[in-house]
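Participant: Protein chains in written order, with our numbering: chain Y, 1 to 466; chain Z, 1 to 466; chain C, 1 to 97; chain B, 1 to 97.
These are computed hints drawn from the structure, not numbers from a lab. Misleading hints may appear alongside valid ones.
Stated by the list, open to error - Here are the simulated distance ranges between beta carbons:
#	chain 1	residue 1	chain 2	residue 2	range
1	C	Pro62	Y	Gln185	51 to 59 Å
2	Y	Val320	Z	Gln375	43 to 51 Å
3	Y	Phe63	Z	Leu52	52 to 60 Å
4	B	Glu4	Y	Glu81	48 to 56 Å
5	Z	Leu52	Y	Leu270	39 to 47 Å
6	Y	Val320	Z	Asn364	54 to 62 Å
7	Y	Tyr408	Z	Ile7	47 to 55 Å
8	Z	Ile4	Y	Glu183	43 to 51 Å
Each residue gets a CB set at the ideal place from its N, CA and C atoms; glycine is no exception.
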Amino acid sequence: MDYINLISKLTYLIASVLFIIGIKMMGKTASARKGNFYSSVAMFLAVAVTLLDQRVLSFTEIFIAILIGSAIGAYAARKVEMTSMPEMVALLNGLGGGSSVLVALSEYIRINSEIHQDIDSITAVTVILSILIGAVTLTGSYIAFAKLKGIMKGGAITFRFQHALNLILFIVVLVASTLLVMEPQNEALMYVVLGVALLLGVLTVIPIGGADMPVVISLLNSYSGIAAGATGFVLNNQVLIITGALVGASGIILTQIMCKAMNRSLVNVLLGGFGQTGGASGGGSGKSDVVVKEVGVEEAAMIFDSASSVIIVPGYGMAVAQAQHIVREMMELLEKKNISVKFAIHPVAGRMPGHMNVLLAEANVPYDKLVEMEQINDEFSNCDVCLVIGANDVVNPAAKSNPGSPIYGMPVLNVEKARTVIVSKRGMAAGYAGIDNELFGYPNCLMLFGDAKATMTQVVSELKGA
Amino acid sequence: MDYINLISKLTYLIASVLFIIGIKMMGKTASARKGNFYSSVAMFLAVAVTLLDQRVLSFTEIFIAILIGSAIGAYAARKVEMTSMPEMVALLNGLGGGSSVLVALSEYIRINSEIHQDIDSITAVTVILSILIGAVTLTGSYIAFAKLKGIMKGGAITFRFQHALNLILFIVVLVASTLLVMEPQNEALMYVVLGVALLLGVLTVIPIGGADMPVVISLLNSYSGIAAGATGFVLNNQVLIITGALVGASGIILTQIMCKAMNRSLVNVLLGGFGQTGGASGGGSGKSDVVVKEVGVEEAAMIFDSASSVIIVPGYGMAVAQAQHIVREMMELLEKKNISVKFAIHPVAGRMPGHMNVLLAEANVPYDKLVEMEQINDEFSNCDVCLVIGANDVVNPAAKSNPGSPIYGMPVLNVEKARTVIVSKRGMAAGYAGIDNELFGYPNCLMLFGDAKATMTQVVSELKGA
Amino acid sequence: MDYESLIVLIYVLVLATFVGFELITKVPPTLHTPLMSGSNAISGITIVGAIVCSGADPGSFPLSKILGMVALMVASINVVGGYLVTDRMLKMFKKKK
Amino acid sequence: MDYESLIVLIYVLVLATFVGFELITKVPPTLHTPLMSGSNAISGITIVGAIVCSGADPGSFPLSKILGMVALMVASINVVGGYLVTDRMLKMFKKKK
Ligand SMILES: NC(=O)c1ccc[n+]([C@@H]2O[C@H](COP(=O)([O-])OP(=O)(O)OC[C@H]3O[C@@H](n4cnc5c(N)ncnc54)[C@H](OP(=O)(O)O)[C@@H]3O)[C@@H](O)[C@H]2O)c1
Ligand SMILES: NC(=O)c1ccc[n+]([C@@H]2O[C@H](COP(=O)([O-])OP(=O)(O)OC[C@H]3O[C@@H](n4cnc5c(N)ncnc54)[C@H](OP(=O)(O)O)[C@@H]3O)[C@@H](O)[C@H]2O)c1
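Turn these sequences into a full structure, and let the hints steer you where they fit.
Facilitator: Now the structure itself:
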């Protein structure tokens, strides 16, 4: 028996348990940070023991590679804006998929180049799976990144026979894979599979509108887990399989949650074209024919000042304007004046699940002030002022009343029940779903036009003066 | 590759998944029955495929053994009274442990008698574990059964040096096991381990009071799972390991829940002697010096009749008296008179977790009428009449007010907050914890002495007459 | 048994234990008694082991086979009795129509 | 790889998937973004595979080794970046004192 091997197997086991415990602890706000730490310890253990076990000949190169990678990763993690989390996750996720592809490819080439070593069909299947899923994850994530970042046209990019083309490519991949399983030595076939998979990643994501990208990223995140799991089968390594399954499950569940909160099916999201109508009808501002009442900064400050309870509904616009800090300042000011302040968090406000929570936490808003939709929806009727800051779709009453609306059926916040609603946004532009919002024309609704951060800063200084 | 072997492995995999899904479905009242069914299908699959795979030579004997066993099991399952569930589980649980012992022993003898076959130490360890745990489960469950059934003195049986003796026996088992691992061929040692383990099962359970038996049974249930899991290691069979882990986890969690609800630690339960003080101070009735007010059947019926809301608190006495059916009848009568009726279910009312729920379900009380302690504890103050039927410890206010009480700290139902409390029990005897209950002397508390079933039958006929 | 396969079995054990804990902690008190008897029936899975033992070639080790047969009968009682009694209990849980 | 060990790996996969589903469904919406980036970091576990590939004897199959090295760097970015950014997010979740 080989002791180093035994120790490394046991360490992998311990790492797996730590990963699971880490994920479990990520489920509670109080323990989440520790959970993330445990998970990183598990990763460290797995890496360390692999270095030991493989009796690597040339540590130098390996350390250099790891060092470069870690430095880039650490730099990016420190620099990224909290508002750019979706982009960051997309980037990293693509790297994960890429690494799966490279590992499987490298293993394939190695086995293939060893003389007299036959690739059995199980190994072939698992190698193909890792390469396929990894490649789709890789290019898909980068398209998603480009769309979020605005490098690429955010709307849905569609052309004729798009779905037909995808179908043909899919069949090509299937056929090539089958042939490859039967004749695993054929490297050319492997590159066909890789190439088409990369292309499929691009083509399946471009028709999806930029605003649906969070769903896509979450799904690709799940893919990257599945790819890691497949790599685990290639290398006969349980840690990879277990973590792959955890990540796969996490991605799929988050995807489901987002789709459900938007009242759309995953298929509907993936077939794409949703962002399109949005781009058309919501492009210019002021196009819609609702008549709205404007309110000035001073008047708004007075309204807040005389309220006894305020509910703040943040949305994507707050993230864009980076207005979370000034909002927190306003909250503190109001509380000093004995006005109760709560935040109503819609499950899909912003562009990622939990987006608003992260931003407000960044601004030091205590998390017990953030109330979820189901809990707070009945409280609007008892609230004096509701401040809608950069939110649009998540407060659109059409979701409740207009069966023709694309967001009909999506649960929304009942802000219109509040005595006064103040909406802070730059103009009359539509939100992500690209539809008008009749709320803005309601008698109890006042529009506070301007960039959220700028107007809120003024409101705060008015409040201080008062 | 051997196809039958492959098929059987896959079937085991499917069975494992079905077991897990079954347990998952057992977590919701609506799906629980289906879950139990799925689990039995999984068991059937596992059995069928094993019969196939092992290419058993003599099916006849096997079928006869299974038939006899199934017939006995089916008969017992049909005949057992719902109030005797704890005994039934104890019985079956012992059989499970016994079967683990027999399987491991049989496997051990087989390997041992095969010439030139060496028993490696891993196999030895797993065999010893199954035999040890199985044996303790076997005898422990039967002692628990005997105590519950009253065949054996229910109180704690203690003698001098009891714990010392157990400790010595435990060390003997440890030493014998270690020797056995080093010299697995030594059959005599194996029988020493078996014998001492059987003895330990008896000795560890006899000092525990009869009323603590549910905790013991639940713990032994967990053991029988662990024994099955160990057998899985002996036979290199994943289904056994998975189901063993599920059962093991279930037993341990239920044990914890019970201990927590009684505000005692598991160690405290296992060290025993708790029933003893009970036997002493709560033995005779009327011994305590609280002055109580009695109430007659007619008057009780009148009090119910003029109430507008009634909460019924069932306890172990209802199970003993089999009064659940007449209680349900009373509930229907009261509801016809537009009196709202709810049941308050304390987590450890009765003698098993969920005991009251099962009994009341048997009597056709819809389960949405059964309210858990946390939910209903604030409602007592708005309730006209609280009927405490055969419950004692779970309504003892000493748990809240008297730090010296053995049950101090155990959460109890706030029945004393009700306008009137009617307590149905036979005399002034104490409940399971063996302590007096000052509630009975409270000004708003009326005692309705007599067997619960008999008195309730009278109350119901009074109510019908009224 | 070699260490490699032992470790894989330990993986299975650890993961199954996690699954068990997560699933069981969700079971409401109402269902605790059925859960107890249901999981008790499941622990009768040793019946699989009993079949393996009693099915073996009879000639060479009769004692082993006899033990296997007894185990088989005993485990059958546990399995059948456990499932049926659990079903009987669960049948009684009905919502008011 | 033979079928026996494949099946055991499938057991591991199935059980881990169950564990994943049970654990993730319990995570509250507040923590969904950190969960996403945290699990993304975890998927960088392929770094283990990358080490295996890049550590192999360099002489015989240079392409395989180079791919391994690139994979290693890429996976390191994913792992380190993912964990640190998740930690940065979670650090911000504080209860009011
Ligand atoms: N959270 C998720 O996980 C997720 C995932 C996928 C999709 N989505 C979708 O995203 C949407 C989120 O809804 P939401 O209400 O948060 O956002 P929204 O409907 O996209 O609306 C954002 C609003 O913010 C305003 N805005 C933009 N920049 C601003 C600035 N600097 N200052 C002030 N206002 C600004 C915009 O109006 P102006 O241009 O007039 O200022 C816009 O109407 C939902 O439709 C949801 O389905 C969410
Ligand atoms: N549920 C569990 O899982 C579990 C497990 C372990 C231990 N326990 C323990 O069991 C106790 C349960 O409390 P509990 O309040 O349900 O029961 P209890 O405290 O044991 O009291 C039962 C009462 O019922 C009365 N009684 C007996 N036969 C009766 C009959 N035929 N008609 C009317 N009354 C009758 C007895 O008084 P008379 O003799 O005067 O009639 C006795 O005081 C707790 O202390 C708990 O910790 C429960």
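Participant: Can you list which hints this structure breaks, lowest number first?
Facilitator: 8
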